[in-house]
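If you read the sequences in order, they're chains A and B.
Number 174 marks the last residue of the first sequence (the numbering used here); no jumps.
Number 651 marks the last residue of the second sequence (the numbering used here); no jumps.
For the record, the hints were derived by calculation from the structure and aren't laboratory data.
Some hints here could point you the wrong way.
Said to hold, decoys possible - One side of the interface only, derived from the structure: several residues of chain B facing chain A at Cβ under 7 Å:
1. Ile298
2. Gly312
3. Thr313
4. Leu316
5. Leu318
6. Gly320
7. Leu327
8. Ala331
9. Ala334
10. Ser335
11. Leu374
Said to hold, decoys possible - Listing some non-contacts, in silico: residues in chain B with all C-beta distances to chain A over 10 Å:
12. Ala22
13. Arg116
14. Thr201
15. Leu437
16. Ala501
17. Glu571
18. Met610
19. Arg634
Yeah, the Cβ is synthetic: ideal placement off N, Cα and C, and Gly gets one too.
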Amino acid sequence: MSWRLWLPLLAFAGFLGLAAYQLTQPKDEFVESGMIGQELPYFDLPPAIDGVEGAASVHFADGKPRLLNIWASWCLPCIAEAPQLESLKRQGADIVGIAIRDRPADVARFLAQNGNPYARIGRDDLSEVQLGIGSSGVPETFVIDGKGVIRYQHIGDIRAEDVPMLLEKLEEAR
Amino acid sequence: MIAELGLAALWLAAALAAMQMAAGFMTLRVAGPTELAKLIRPAAMVQGVLVTLSFAALVWLFAVTDLSVKLVAANSHSMKPLVFKLSGTWGNHEGSMLLWVMVMGLAGALIAAFERRLPERTMNATLAAQGVVSLGFYAFLLLSSNPFERLPVPAAEGMGLNPLLQDIGLAFHPPTLYLGYVGLSVAFSFAVGALLTRQVTPDFARAMRPWVLGAWVLLTVGITAGSYWAYYELGWGGWWFWDPVENASLMPWLAATALLHSVSVLASRDALRTWTIMLGVVAFSMSMVGTFLVRSGILTSVHAFAVDPERGTFILGLLGLFIGGALLLFALRASTISEGERFAVASREGALVFNNVMLSAILAIVLLGTLYPLLTEAFDVRVSVGPPYFNPVGAIFAVPMLLVMAVGPLLRWRQDRPERIGREAALFAALVLAALLLFGLLADVALLPLLGLALGLGLAIASLMPLRGRKLTRTPLATWGMVVAHFGIAVALLGMASESAFSVERLAAVGEGDSTTVGPWTVVLQAVEPVAGPNWTALQGRMAVSYDGGTPITVAPQARNFWAPPQQTTESALVTRWNGQLYAVIGDRAPDGRWQLRLWWKPFVPLIWMGGLLVALGGVLALFGRLLTDIRNRRLAARIAERRADREALA
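Construct the complete structure from the given sequences, taking the supplied hints into account.
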């Protein structure tokens, strides 16, 4: 009989161990897109400012792999990643931007200050396209292959050390 | 100045808790009465007063919006209505923990002041245990979550309170739940005290029972209120989501329900001694585990509390100390507590034990479902456990429990012949079968709601049967309490089953002046107009709704925009009829100028919360019945003692 009285303590010790282990683990707050490996959903976004082209899903399926950058002028890490986008562009990457919940005047100011690495910039006022491709924050960068299939998702700002990796992913997606 | 006074009162209260603990344990080590023992009760009472003062200070700081205090600046705003400034006191981590220790301090003060039935040693041990628990939470507040911390430079304006929380429901829902959680801490302390002195007696159960009943009533009200709040404020049209935070409040309730029944067996029959002690420990442990899961950020939940791993570690440490300590004590001592009275399987005790086991099984299932994501995450698999698990697996145990619940109260204590209640059981079975056939064949209802409807109907009648043949005016209040509470369970069950079986949902894009239908309702969107409140603006959809072609009623759901902090909330519009509720939410505007409307017709859904309140009312009746009997017995005992003293004086 008496060994059974230890069972509650044992069960609790198990819980305590598990909880303690989980507390020490770094919490992964990134939400991975469930759309990786699937085709881009259909979208056709108007241009974010006058003088650039809008972004649409049809632009992606022409045989050339591209980067799809989800950003916003109100997002601070987007300023930090601007030089890396420039450098990607210089090394031949074709970057399509989607401005999330933004105003044309703010977008124009952002591009004037931080440069414009984008071939096209679509305007997504309700995060519809953002949610559609499984992005949960800004900035995020997706590698889209020549058939319009989402190959890779980079969550957060692009650091200098990520640039070669993204170029490699683009090469793989060819 | 007020903030410093509050902090000083909190430190002093902590010091008194330490004294209460030390004095309590030291008196346990000596056999006879000691001078030290005289300190314990006053320490508990003064501690209660001090911690209440400390909480009052924080309420004051929120009332006057003292922006030099960090907590006020982070959670309040000068333009908020006063009632939400006050409720903002406990709408955040630090303030709610202070509320927690205040309730605990008050509970300790109350037992110290009024509980005289228990042997002095058990009482001292109980208060010492209460001291340990309180001290842990004082340490948590003072060392890692100081609510009175000042800002180096006072803020110009506060950050505001989450608009979802600016609701009258929230002003009362958390404090009610907290009172319930902490009421269970008293049961925990009683259990630990009894384990320390090995005195598990009917008197002990009678001393513990009002606390369990009170805590259980408050938990019931708190859960019911929380469910209704989520239902009308979140605008999703659901009333229970199996979210970790909801489970955190359900688990203590399940344990408390089991404890409530087993403590009754112990009080009236002196049986189930160790089981009652175990449940006393488990009930409060569930409150603490729930608090830990919610506050540490270890599980992802829609209820975002200030998440801080350091705090999580602290609470986990407390958890290990309190629950681990109590369970260790249980393992060491429980075998030395004698078994208590025996009883036959077919008896009131037998039925209660069966329900206790079923309740514990449901508790285990909810606990497992809540912790499962934590377990799989250790292996890098992310899952979320929801209704597809909880509903059917819970039902496996809930259905037998409801069956026994219908007939259990008719059985006699100790031993009974099942055939004696044959007629009642047959009536119940016939009702359930008739309902099963009726709804199953005619209405094409899914299995779980079908079972719910049938059992709900049967139980509603069966729960009244204990009153049969009794003189209603002379029936004890506690019996009334049981009948009302069981009837309430049946009512709530009917509401849940009906909601899931018969709800009609309608998503429509409607232009101004157009109409749509949902179930028997016709809804005309008359106009969408802007309105403004004290700290929000909103788009309000004015609708004329009519039931089955009757006279139209005007309702106005809103999409509110708060500006401090900026956030959007939906204010659903509800029309309640005797046979259900119309639920309307206004959404975004489509590019073509039409408005998205989300409409539900939910037959009999208010029964869920009415049932919840009936259950709580039953608890209140039982509590009053027990307290009145206690007071009467106490008077009687005093009179007998007086007479005996007189007689001795005469002799």
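Indices of hints not satisfied (ascending): 5
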